[in-house]
Amino acid sequence: MRVHTFDNARDAANALLDDSSARILGGGTLMMRAVNEGTATFNTLVRTKDPALQRLRTDTSRVELGAAVTMAQILATPDLNYLHPVAATVGGPAIRQMATIGGNLFAPSPYGDFAVALLALDARVQVYSSFGTRELALTALFGTPPSAPPRLVGAVTFSRPRSEQALHYHKVTRVTPKGASVLSLAACFTVRGERLSGVRLAAGALAAGPIRLARMERALEGQRLEAAAVASALPQMLDDIAPPTDAIASTRYRRAIAPVYLRRLLLGELTPWA
Amino acid sequence: MGLTLEFQLNGDHTAVLADEAATLQTVLRVELGLTSPKRGCLQGTCGACTVLVDDAPCLSCLMLAQNVAGRSVQTLEGLKEGAQLNPLQHAFMAHFAAQCGFCTPGMLMAASALLRQTPNPTRQQVVDAIAGNICRCTGYEPIIKAVLAAASASGNT
Amino acid sequence: MEFRKDLFADERDDNLNEIGKPTQRQDMVGHVTGTSRFFDDRHPAGLLHLKVLRSPHHHARIRAIDTRSAARAPGVKRVILGNDVPVNLNTLLSLINFGKDDEPTLAVDKVRYQGEPVAAVVAESEAQAYAALKLIAVDYEPLPAVFDVEQALAPSAPLVNDIYPGNTFEYHDRYNHQRLRFGDVAAGFAQADHVLEQRYQMSPIEHAPTETNGCIAEPEQDGRIAVYTSTQALFFSLDTSAKILDVPSNKLHFIGGTVGGGFGGKVDTITEPLAILGVMLTGRPVRYALNRTEEMQMSSPRGAERIIIKDGLMNDGRIIARQVTHYFDAGAYTRLSSYAVVKCAAHMPGPYTIPNVSMDGYCVYTNRTPSSAMRGFGVTGADFALEVQMDKLARLVNMDPLEFRILNAYRDGDMKAHRQVAKNCALIECAQAAAELAHWPLSPPFKAMSSRSGGGAVTASASSAATPPTAAPVVNTPEFSTPVTHNPAANQRRLSSFLGGEEH
Numbered sequence: 008m009r010v011h012t013f014d015n016a017r018d019a020a021n022a023l024l025d026d027s028s029a030r031i032l033g034g035g036t037l038m039m040r041a042v043n044e045g046t047a048t049f050n051t052l053v054r055t056k057d058p059a060l061q062r063l064r065t066d067t068s069r070v071e072l073g074a075a076v077t078m079a080q081i082l083a084t085p086d087l088n089y090l091h092p093v094a095a096t097v098g099g100p101a102i103r104q105m106a107t108i109g110g111n112l113f114a115p116s117p118y119g120d121f122a123v124a125l126l127a128l129d130a131r132v133q134v135y136s137s138f139g140t141r142e143l144a145l146t147a148l149f150g151t152p153p154s155a156p157p158r159l160v161g162a163v164t165f166s167r168p169r170s171e172q173a174l175h176y177h178k179v180t181r182v183t184p185k186g187a188s189v190l191s192l193a194a195c196f197t198v199r200g201e202r203l204s205g206v207r208l209a210a211g212a213l214a215a216g217p218i219r220l221a222r223m224e225r226a227l228e229g230q231r232l233e234a235a236a237v238a239s240a241l242p243q244m245l246d247d248i249a250p251p252t253d254a255i256a257s258t259r260y261r262r263a264i265a266p267v268y269l270r271r272l273l274l275g276e277l278t279p280w281a
Numbered sequence: 058m059g060l061t062l063e064f065q066l067n068g069d070h071t072a073v074l075a076d077e078a079a080t081l082q083t084v085l086r087v088e089l090g091l092t093s094p095k096r097g098c099l100q101g102t103c104g105a106c107t108v109l110v111d112d113a114p115c116l117s118c119l120m121l122a123q124n125v126a127g128r129s130v131q132t133l134e135g136l137k138e139g140a141q142l143n144p145l146q147h148a149f150m151a152h153f154a155a156q157c158g159f160c161t162p163g164m165l166m167a168a169s170a171l172l173r174q175t176p177n178p179t180r181q182q183v184v185d186a187i188a189g190n191i192c193r194c195t196g197y198e199p200i201i202k203a204v205l206a207a208a209s210a211s212g213n214t
Numbered sequence: 002m003e004f005r006k007d008l009f010a011d012e013r014d015d016n017l018n019e020i021g022k023p024t025q026r027q028d029m030v031g032h033v034t035g036t037s038r039f040f041d042d043r044h045p046a047g048l049l050h051l052k053v054l055r056s057p058h059h060h061a062r063i064r065a066i067d068t069r070s071a072a073r074a075p076g077v078k079r080v081i082l083g084n085d086v087p088v089n090l091n092t093l094l095s096l097i098n099f100g101k102d103d104e105p106t107l108a109v110d111k112v113r114y115q116g117e118p119v120a121a122v123v124a125e126s127e128a129q130a131y132a133a134l135k136l137i138a139v140d141y142e143p144l145p146a147v148f149d150v151e152q153a154l155a156p157s158a159p160l161v162n163d164i165y166p167g168n169t170f171e172y173h174d175r176y177n178h179q180r181l182r183f184g185d186v187a188a189g190f191a192q193a194d195h196v197l198e199q200r201y202q203m204s205p206i207e208h209a210p211t212e213t214n215g216c217i218a219e220p221e222q223d224g225r226i227a228v229y230t231s232t233q234a235l236f237f238s239l240d241t242s243a244k245i246l247d248v249p250s251n252k253l254h255f256i257g258g259t260v261g262g263g264f265g266g267k268v269d270t271i272t273e274p275l276a277i278l279g280v281m282l283t284g285r286p287v288r289y290a291l292n293r294t295e296e297m298q299m300s301s302p303r304g305a306e307r308i309i310i311k312d313g314l315m316n317d318g319r320i321i322a323r324q325v326t327h328y329f330d331a332g333a334y335t336r337l338s339s340y341a342v343v344k345c346a347a348h349m350p351g352p353y354t355i356p357n358v359s360m361d362g363y364c365v366y367t368n369r370t371p372s373s374a375m376r377g378f379g380v381t382g383a384d385f386a387l388e389v390q391m392d393k394l395a396r397l398v399n400m401d402p403l404e405f406r407i408l409n410a411y412r413d414g415d416m417k418a419h420r421q422v423a424k425n426c427a428l429i430e431c432a433q434a435a436a437e438l439a440h441w442p443l444s445p446p447f448k449a450m451s452s453r454s455g456g457g458a459v460t461a462s463a464s465s466a467a468t469p470p471t472a473a474p475v476v477n478t479p480e481f482s483t484p485v486t487h488n489p490a491a492n493q494r495r496l497s498s499f500l501g502g503e504e505h
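Residue numbers (my numbering), protein chains in the order written: chain A, 8 to 281; chain B, 58 to 214; chain C, 2 to 505.
Worth double-checking, as some hints may not be accurate.
[Stated by the list, open to error] The calculated lysine-lysine pairs, modelled on BS3-like cross-linking and capped at a C-alpha distance of 25 Å, are:
no.: 1; chain 1: C; residue 1: Lys344; chain 2: C; residue 2: Lys424
no.: 2; chain 1: C; residue 1: Lys22; chain 2: C; residue 2: Lys78
no.: 3; chain 1: C; residue 1: Lys6; chain 2: C; residue 2: Lys424
no.: 4; chain 1: C; residue 1: Lys244; chain 2: C; residue 2: Lys101
no.: 5; chain 1: B; residue 1: Lys137; chain 2: A; residue 2: Lys185
no.: 6; chain 1: C; residue 1: Lys22; chain 2: B; residue 2: Lys202
Because the hints were derived from the structure by calculation, they are not lab data.
Take these sequences, add in the hints, and give me the full structure.
Have a look at this one:
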């Protein structure tokens, strides 16, 4: 296994383009497992020390989190309190010291819970490519076909939630306080004149990767936030999801509990993380 | 491909020749003879390899050794206070917080990191601090009691 | 800690020097300073790494194995196949002449479970060993597999283990199960007020010790091979390795001691034979340890058990007949499962005096991961089933579940199903003490009961004929036909002393 380190992210991005058996190394929580077990499908790890990837800006209306920012750093930033319940449920303390925003974006189901929250926040990503940097919606990044050339994520950005648009998040695990997801859910919305507005719902471990629940969002938009309206919209969720069977839970189980947890999340029936 | 790695190890400046892709755990155990970080899973799920890097708990089995260049690393071998055991070690002994002993180094380092940050933790804080460390023998309760006891023995300053 | 010294006070000397006083573990300082030495806490010069290629199929014939590319791969010192193993068929308990050799160290013509070792690579680094495994080509012909114990016993089932054509272990070369017979269960069921038959099923349980199975074998200066190992069974592993490698046992020097969690999962001598063979073939130290995936999936679990219990129950709460059919899923090879069934048969029908008992216990082969020992081996699964059954029976006759157990508990003087007279019984006193601590109300007659009174309700006598064993598939065990009678007077005394004529 080779390791190449670059001071600047653009050079790291080019190294990924030049060598199809190279992968970017974030915190190593998933890549190094494959190296240790001899299951790695790559020969080279690419690292970068570019300070741009460490940037953490919360003072502007558009929050910027560099790809190398860790879950521990999120938890240490009071301005990001709405993301604390999300970061706090990624692994245990040592994992959080190492796990990065960027790595979490590409963590396969049932991991990748932070990406779920970012989807609900309608985040955009800055990527490095051979042409320089550009910005795209996180949903577009996830929609990129596997055959496309690799792009290095530099940062994620999203509009700072206004107080009435708090991020609602819940992760269901078999082992608490840490564990891989049976499922995770994130919701952003405002209530205007008793009606739901700007509904964004995202889910983890209910498909191959993190997804938006588009049909469910359309069904809830403009509805009252109360039990009857939520109940009548819930069947739409089942058309949005394609849960995997893995060591944590079965497709059948995930399909059975997902609407229950989404209902509870929307109606505020879940105990918030303390 | 080898590189020279320099860092602070248990308070001493250390230089070692290591493969560029070697994990911190391999360098500690094989090059430096510090066998306290244990190989439990090599997946980041058991926590038996936990060491402190700049006072924060990290999984040495998943960290590239070169990530600690210029930083400070502490292993269980560095927890003693001279020839004396530290309060955490005493408390683990007193509360029978180890049976087979394999998870113990990781538990002690996780607990040590907690008490450095939070000298007077609540029970829930102790539980959260060792959430990344699996123990198959004790059922965790003696460990939690030991950490709480060590916290009060050290006094809350 | 509270000592109930009032109980059985006349039976023992109460000068306790150690019990009840905290005593520190001799390895505790080592544990808290990180200096306790586990097998892996050493790195001899020139250490090589052994990794094993495992079958992806549950059941398959091996047509060919091509190791040429692997042998030439970077860092590879040796590729090992079944033909390189001096004695490539063994069973753990052959050391005490129990069972036939049935398990290869490396499979040669067939694989019988997913994960079965087929080849081993010894290389300079773990990464090189893993890479070389991918270069070994095995031509498999998949075969039908069976995963269920009762399906494995059906005549049409695939043959799992060629040594045992009936898919069951053979006891004394003749019997396909262990059995226990006492009294006449058919008569008991006919007499009973209620008959309850229930099936119980448990899954295999993995020990998941934090330290995986492994060892480091090294040449020693005196010509021996030293083996630093995680085994729980040091001498057992030494002798098994000596047999498999066909060397005198004094050629091996086993060093164990600190086991990073065993729980029965480190008794199968999995890694030592191949590591030692690696030393013999390369002249260098060799490390072979299971990775976490191998430990979870391929190392032996506690075997799954299927237990069918049929009980005959009287309205007054006495169990008068118990018939148990017990299937142990040994997986593809025997290991210790043959012994589990013997232990289980010895444990039946639980700590209760039942005048008519029948048990059939099978050690069944399926194409699952071979199972082996785990805490309470042979007994824990049985107890789960027996005790759930006891709760159900209590409900059937509207009795408190604890009082129900006290009623049926064995007492000094009772004849147990194994033709041993019960003595030093204490279940009743334990139940009473537990009830007190848990604030579980016991009615006065049950608080007054004792293990030392009311016994002898069932005794052995030479006068009645034994009931012949029930039909095929297996041979009689004439040595267990001692007849049994019931002592109605003693039975009645026992009943009246605790029922006091009241309805329950």
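Checked hints:
With a CA separation close to 19 Å, the supplied pair Lys344(C) and Lys424(C) stays within the 25 Å bound. Taking the CA atoms of Lys22(C) and Lys78(C), the gap is near 54 Å; set against the 25 Å cutoff, the hint is violated. With a C-alpha separation of about 19 Å, the suggested pairing of Lys6(C) with Lys424(C) holds against the 25 Å cut-off. Restraint check: the Cα-Cα separation between Lys244(C) and Lys101(C) comes to about 14 Å, which is no more than 25 Å; the hinted pair holds.
A distance of roughly 30 Å separates the Cα atoms of Lys137(B) and Lys185(A); the hinted pair therefore is violated under the 25 Å criterion. For the suggested pair Lys22(C) and Lys202(B), the alpha carbons sit about 20 Å apart, so the restraint of at most 25 Å is met.
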